[in-house]
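Spelled out, the chains give:
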Amino acid sequence: MEFLHHSPGKSLGIGSRVRQAPMKFLFTCSLALVALVMVLSGCASNSGPTTNSGSLKAGPGVDVNNKTITLGILSPYSGPVADPIGIPLANGVKALFDHVNDNGGINGFKVKFLEEDTQYNPQLEVQKYNQIRNQVLMIADSLGTPTTFAIKDQAASDHMLVSAATLSSALAREKYLILVGTPYRLQVENAFDYVVNKLGVKNPATGIIYQNDEYGQDGLTGYKEAVSVYGLHDVAQVSYAATDTDFTAQVSQLKASGAKYVFMTAIPTAAAGIIGTAYKLGYNPQWIMQSPAFARGLLAVPALVPLLSKVWVVSQGAAWGDTSVPGMAQMLQDVQKYFPNQKPDGYFEFGYTESLITLAILKKAMANNDLTRDGLFTAFESLKTVDLMGLLPPITYGSSPNERVPTRDSVIYQIDPTAPADVKPITPDFTGTAAKQSQF
Amino acid sequence: MKATPQKEQTRARPARSRGSISRWLGLGIGLLVIILFFSVASEDWFTIVNYTLIAAIAALGLNVLSGYTGQVSLGISFFMAIGAYTAALLGGPQPTGPLDPQGFALPFFVWLPAAGIVAALVGALVGPTTLRLKGFYLGIVTLALVFIGQYIFMNLRPVTGGPQGRTFPVPAIGAASIDQQNSFFGFALTSGQQYFLLVLLVLVLSSLFVSNVMRSRAGRAFRAVRDHEVGASIMGVNIFRAKMKAFILSSFLAGVSGALFASLIRYVTPNYWDLTLAIQFVAAIIVGGIASVWGSILGAAFVFGLPQVIDYFSLLPSSTNSGGLNSGNLNALIYGALIIVFLLFEPSGVLGLVQRGQRLIHKMRNQQREGGEVAEITDLSDAEAQFHLESAAHAKDENG
Amino acid sequence: MAYFIQLVFAGIAQGCIYALIGLGFSIIFKASEVINFAQGELLLVGAYIVSSGVFEWHLPFLAALLLGLVVTVLIGLLFERFVLRRMIGRPVFSILMITIGLDIILRTIVIIRWGSNPIPAASPFDVTSGINAGGIHFGANDIWTIAITVVICAALFYFFRYTRYGLAMRATALDQEAALAVGINIRTVYALAWGIAAAIATLGGVFLAIDSFAIDPTFGATALLAFPAIILGGIDSVSGAVVGGIIIGVVQVVTAGYESHVASVLGAGIHQITPYLIMILVLLIRPYGLFGTRKVERI
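Here the protein sequences line up with chains A, B and C, keeping their order. Numbered as in our numbering, the first sequence ends at 494 without a single skipped number. Numbered as in our numbering, the second sequence ends at 644 without a single skipped number. Numbered as in our numbering, the third sequence ends at 375 without a single skipped number.
Quick caveat, the hints were computed from the structure, so don't treat them as lab data. Hints are not guaranteed to be accurate.
Covered by chain A, per the in silico footprint, the following chain C stretches (three or more residues, Cβ under 8 angstroms) [unchecked claim]:
{"no.": "1", "segment": "78-86"}
{"no.": "2", "segment": "191-197"}
{"no.": "3", "segment": "202-216"}
{"no.": "4", "segment": "283-297"}
{"no.": "5", "segment": "323-333"}
{"no.": "6", "segment": "343-351"}
Backbone N, C-alpha and C define an ideal beta-carbon position, used for all residues, glycine too.
The whole structure should be built from the sequences, with the hints applied where relevant.
As structure tokens, this is what we get:
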């Protein structure tokens, strides 16, 4: 019956020291095997043809003979962020270039992608970046703030442009990071510009509930700026943790404060809990969601459907399905052709637009006959009024942090289960006063 | 099976000289392999290997506390974070704006040891309250440390950068910072190679130190505490002091490892030092081999290196739709399954597997010589029995 | 005042959920000295199956609930029979680790099958149903949570005190060898322990899901807070689990309700760690929890 009493030490199986020597031999043999494997693959992956042909200067990832340009995608393909954001966004990024490739490419050059799964983990992003950096000309999609920040210094020293799929304001300070769209902070400011200037509500009682991480911080910064610029009556700033499942405390606070307009810098699961709990407690302010807070799945919750129709979402870009916008028409055709299973999704549209900007950079660099990293950088900084076919207003970049914020405008949507992407715009595209003057 | 002292004498000498030849051979081959790897491997392999070696340092620390001293700890990520943020505070660049986190821009031979020392100090502070508890209670309190730590790091903006995180310093020798390519004595070394040398040095020093400690009186005290606390105290071991020593050493190693981790990744948010990370280290020492230096290194290779190797060879394509069996999910499944399989069938971890292999080889060699079966004690987990078995086998070798 | 009472009520309901999860831990621990780290993921699987039952397969709520219970109990039994049975006699650390392995596998399977987008939580109640008194809303879900917890505790109390199998479990918890010696079927005891724990976990998960309106694969992380609850209450005490759970729940929610007032000093998010702080405090004074039995060590 000895086995029933477990004593911690005995069954731990302490290695016998008498056997050290041959064991090391075995170990070094396996180490040799591993090293051999690494060497073989190491030799294989150090390819990065940098040939010059004629007057076209080519950098890594450009194969002049086969006329291909390779770009990198660093995005979560697995893990919690993959389904809601990572995968649809990457699909959007690819869809545009599928279209471009089938229509002559860029001066005959086709664009290929090296996709790597980062699982929204900075360490993995660093490692994947190192894996592909000699094989790509630029990173066409790097998703997430902590992940993108993990590679920003390396990218800068590699002179590698990185198109960042995140709307954190802190990106504006980085030379080689391409911001695509209005930062979260300005979204908040535009929302309250709508309330105060367009709806004419003077001195409204406002509050914000934000997630306790860097995403939430950006929203909070915008809120504070909005409070001072628009003279809002700030009654509540409440945070929640990403692991919270009960929101009674937070909602009770908001309710007790009497906030009439509450901004939510949240994620969908939390948004569901917040709105539902509020309704349960008999509190119904005007909810304004930051763009990531809304997901189609929320409309599947029966209790929430009547509530959601009154909620606003701050975002940007042409409404899905609005074929009067040429970019949207083209995108819809591309969806049907290349990603027929893709449901209407704001992140897909975001990725598609992101690629339009990448395309503009590549075209300009091609026009300058300089497809090197530095050539792309020069092209990027000199982009002026790039036409994004109506998906976004025309954008201009530059070299100062303020200029690197490409757009400051937003559209306020209302959730509408009958609309294609479940949202319908209730304002035109606009830029509020606070957003216009915000400094980065 | 007891041999007479004289026989033991004659047996001991040839055994040791034979052991030392193959030991030197093993060392030589190992060195050759390392040099080979160093010269030809590509940068991405360096990232994987560097990451694994740094993890090995922390795994070593955890083994000191949990493997050798038997104190359940789920809190190693807390101490790693302490080390990392100490390094950042001391070595980070001077702040340029009001929002930038603090930094004193001290050189790395100040911040790297300081990271370990401060983590050790925190361990000394936390130790007396935590180490009073045992087993499950200790485990949950160390788990609590991780969460409390996360709360502190999220809010301590001047040091940690708050939820947005901050950049971490890179070791630099004079003006040459090792995240750039530099030339030493005419050799051009890439960043990966420079990191590799630094980390390997730290790992080797730590390993030698730990195995020395474990051979010493303190090490025996650790094991005594683990195996039978009451018995140990009866024998005169100061339980509290032994536990504290283990805790402090473990925290020191964790702090150094954390600083190197953060330096390698460059930018870390406080979310990074979470329970999942701590559990990965526990898995590492279990899979690799509890209470063993090589076990820590092997375990780190399995838990931290292997998933990335699997990813590198892209055994499964990335998916274009939700869910499904993509490489990330497969990695997680393999990870969970590995833990269960190892714990079920080979509690001594990979090291135990290797040793079983050796025993098998040895048994076959003996069979060839003698033509008969060696009387085998099947309880392989009993160290005493192993030793007797092997000395008996040795005796047969000498005489047969 | 109404604000405070609202928080306390929500805290009690939340605490009952912790108590349910903690009870599951406790029962398994008492019977077999195993700490089941996978309790959170059993909760997750249960909640997902109930939700799928209602929204995907269009079952009525109770049928879906039954399905969820059956599946999680099955998982618990199979795991106990084929994995844990072999781990008898191994050190605490290893067993804890193996349940962590199960935890990882379960969560990954959920992600593979359902993806990581949030899915709606199945609820038999209307959102606003409940009692409104004095400006405080006593939600139907919360009332039911508290009621069911009380019922389960009473049932477990009766079970352990007055039934054969309950007695068998208590005997096994005290001394496995002796229990074997008097002819108690340890296998049945273990199976029973895991079955009950899995069922209670599913119930807790369903209540928690109703409270959250939508669930995603990170949902199981809440179960971790049951640890401070049972340590606070005493790991081998049924009433301790409940008391501990309620204390933790109330402290957490009340702290969350007032923390923005002290945000400038204490920063944000302190409600996440107050359970652990309280646990540490209690452990300093009473190392075996409020109602735990002091271990007598035989030298």
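Hints, verified against the model:
1. 78-86: Result for this restraint: holds, n = 4.
2. 191-197: Our answer is that it holds, as 7 residues pass the Cβ test (under 8 angstroms) against chain A, meeting three.
3. 202-216: holds (count 7)
4. 283-297: holds (count 11)
5. 323-333: Our answer is that it holds, as 5 residues pass the Cβ test (under 8 angstroms) against chain A, meeting three.
6. 343-351: holds (count 4)
Comparing the model with each earlier hint shows no violations; every hint is respected.
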